[in-house]
Amino acid sequence: MQLFDQFTMLLSPEHLFLVKILLGLMLVLHLPYIAMLFGSSLFSVIFRVLGKDRSDSDYMRFSRDLINTFASNVGVALLLGILPLLVIALLYSQLLFEANATTLSYMMISFLPIVAGIILIYVYRSLSTRTGLLVTLTGFLGVLILLAGYILLIASIVRFHDPEKWGFIRNPAHLLLGWNAIAGTNTYLTLSLTTAASGILFFFFKWTEKLKGESKTYRDYVRNFSTIIGLLFAVTTPVFFIWHLITLTDISYSMEFLGLAILFIVIMGVIVYYFSKMLEDSNVKAATRTFILMLIAFAVLIVSNHVAMENALKEHTASLLTKSETMLAELLPEREMEEGGGLMDFAKGEDVFKSICASCHRFDKKIVGPPYATVLDKYEDDIESLVSFIRNPQKVNPEYPPMANLGLKIAEAEAVAGYLIKTYQEEYK
Amino acid sequence: MKKLLITGYFLIFILIIVLLGGLWSSYRDAPDQPIAFSHKKHLTYVGLECDHCHQYAEVGLQPGIPAVSVCMDCHEAVATDSPEIIKLTGYWNRKEPVPWAGVYYLPQHVLFTHKRHIKKGIDCSECHGDMKVVEKVRQVRSLRMGWCVTCHRENNAPVDCWTCHK
Numbered sequence: 045m046q047l048f049d050q051f052t053m054l055l056s057p058e059h060l061f062l063v064k065i066l067l068g069l070m071l072v073l074h075l076p077y078i079a080m081l082f083g084s085s086l087f088s089v090i091f092r093v094l095g096k097d098r099s100d101s102d103y104m105r106f107s108r109d110l111i112n113t114f115a116s117n118v119g120v121a122l123l124l125g126i127l128p129l130l131v132i133a134l135l136y137s138q139l140l141f142e143a144n145a146t147t148l149s150y151m152m153i154s155f156l157p158i159v160a161g162i163i164l165i166y167v168y169r170s171l172s173t174r175t176g177l178l179v180t181l182t183g184f185l186g187v188l189i190l191l192a193g194y195i196l197l198i199a200s201i202v203r204f205h206d207p208e209k210w211g212f213i214r215n216p217a218h219l220l221l222g223w224n225a226i227a228g229t230n231t232y233l234t235l236s237l238t239t240a241a242s243g244i245l246f247f248f249f250k251w252t253e254k255l256k257g258e259s260k261t262y263r264d265y266v267r268n269f270s271t272i273i274g275l276l277f278a279v280t281t282p283v284f285f286i287w288h289l290i291t292l293t294d295i296s297y298s299m300e301f302l303g304l305a306i307l308f309i310v311i312m313g314v315i316v317y318y319f320s321k322m323l324e325d326s327n328v329k330a331a332t333r334t335f336i337l338m339l340i341a342f343a344v345l346i347v348s349n350h351v352a353m354e355n356a357l358k359e360h361t362a363s364l365l366t367k368s369e370t371m372l373a374e375l376l377p378e379r380e381m382e383e384g385g386g387l388m389d390f391a392k393g394e395d396v397f398k399s400i401c402a403s404c405h406r407f408d409k410k411i412v413g414p415p416y417a418t419v420l421d422k423y424e425d426d427i428e429s430l431v432s433f434i435r436n437p438q439k440v441n442p443e444y445p446p447m448a449n450l451g452l453k454i455a456e457a458e459a460v461a462g463y464l465i466k467t468y469q470e471e472y473k
Numbered sequence: 173m174k175k176l177l178i179t180g181y182f183l184i185f186i187l188i189i190v191l192l193g194g195l196w197s198s199y200r201d202a203p204d205q206p207i208a209f210s211h212k213k214h215l216t217y218v219g220l221e222c223d224h225c226h227q228y229a230e231v232g233l234q235p236g237i238p239a240v241s242v243c244m245d246c247h248e249a250v251a252t253d254s255p256e257i258i259k260l261t262g263y264w265n266r267k268e269p270v271p272w273a274g275v276y277y278l279p280q281h282v283l284f285t286h287k288r289h290i291k292k293g294i295d296c297s298e299c300h301g302d303m304k305v306v307e308k309v310r311q312v313r314s315l316r317m318g319w320c321v322t323c324h325r326e327n328n329a330p331v332d333c334w335t336c337h338k
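So the protein sequences, as listed, match chains A and B. The first sequence begins at 45 in our numbering and counts up one residue at a time. The second sequence begins at 173 in our numbering and counts up one residue at a time.
Just so you know, these hints were derived from the structure itself, not from any lab. Quick caveat: nothing in here was measured; it's all calculated off a predicted structure. Warning: the hint list may mix true and false statements.
[To be verified] Cross-link-like lysine-lysine pairs, in silico, BS3-like; alpha carbons within 25 Å at most: (1) A:Lys439 x B:Lys291; (2) A:Lys410 x A:Lys422; (3) B:Lys304 x A:Lys453; (4) B:Lys213 x A:Lys453.
Start from the sequences, fold in the hints, and give me the full structure.
Here it is, written out as structure tokens:
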């Protein structure tokens, strides 16, 4: 974790907001792409094996069509599959700066199998017209490695909600030890397969009308398979999501999170309805609507997870923001000094005394802090020490509460110190 | 039968949405307090230590909620025109304690002593989070047994039942 902290820095609230937006955007671009690539290549490998086993040319064709549709462009893989990983890594490191999140390391590890899986799937696609066990094996390995990386990535994202457990996660397998992690990961996996199924309906029947010249049997088969798979996983996704909600830690909840959870369930309800309608009417009329809703559901799920993490890390984020505020406050007076500040100003010193110091101090009596007349003698010949004390107060007398750090600029502290010493010498000594 | 299944599934959907809606409308992330006391202001800007107000944390089972007189040590003179301090002064004048809402609760069958944990060097933030940045207090740890036991194991503290369940 310290390694990642080296590449990040304290952020202002505005920068932090930007980081959150960017991270959400990157995840919304990356995860649905990986979901569709994983689902389509899984179905492609299964149909390739089945096609060979049963010598069914439709199965073989469907297997090829699937991989050629969803793994068609290397540029897309680079843009949506690989590049976002680097940005996601950097943005999470920034959000979890000094959080000591072990899960962050495992999330970084997940990038390797994801990239390897994508490469193998693209190799499988380029060889898909050939026969041979090696091609099937390449596809199978690609799917398996991508799945491993994907599970690691989403389990880490789910685990970010629960800082209490970070200390107990000592290897990647620990990421999945816990009902909440299992439910959360399964929500993403089932949603991924539903997205892949709705993607097949959209890209095969609506986007390019790829199957226009194909036989009715083949068209019906593709439609039935995708609708049934889509319906099956669309029905199970909310079950895992509710399970995830029930097992979530209390600190991850907020009104925004609950609102997004309700929205997600409503969208999933509509998606289930569309899939069941398409299955019942044996058509693909709602394919485009379903696909768009799937992408929206994915985005809502990602944002809800993001909000849950933000809720869980509220204190940590506040701590970082306080640190950055303090750092800025320390830098400003230095800059002021460089710009020629710090001149003694008796009138200004009196203003500072009246507006700030007088809340707790008088020269001749105790209010909250000690009377100045009893403590200023030691600073008479050492005004720098008084300025230093005012800017960084330390507890001296246990009978009094500690003095607050008032955040005075160096010029203000010097002016008020001058005023205090002068008034003390002239009127109270 | 098929229709019944579909109707049942969607009815469960609606039921869950209604339940979540109820939870959404009644949700509070932290209990509302009678006075908006800011731990951040007092710990970070004023520089007080936890035990300045929670005076029994090092010596007793409970850390103790500060008496109004502790607040008035400073606030008789400091920020007296702030609305929250006016409320505080009201309690002081009426000689009433401030009815603070509890945030951390342990079941009655658990005996937890602040004194022992502080003596072992466990920082307050281990259980309460970084209070230096908190405006409104909420419970940041589950306080479930698994959490307690894991921490005990990590710090080589006893884990037999009798340690906490007397």
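These are the hints, each one checked on the structure:
1. A:Lys439 x B:Lys291: Within the cut-off at roughly 23 Å; holds.
2. A:Lys410 x A:Lys422: holds (18 Å)
3. B:Lys304 x A:Lys453: holds (22 Å)
4. B:Lys213 x A:Lys453: Measuring from Cα to Cα gives roughly 19 Å; hence the hint holds.
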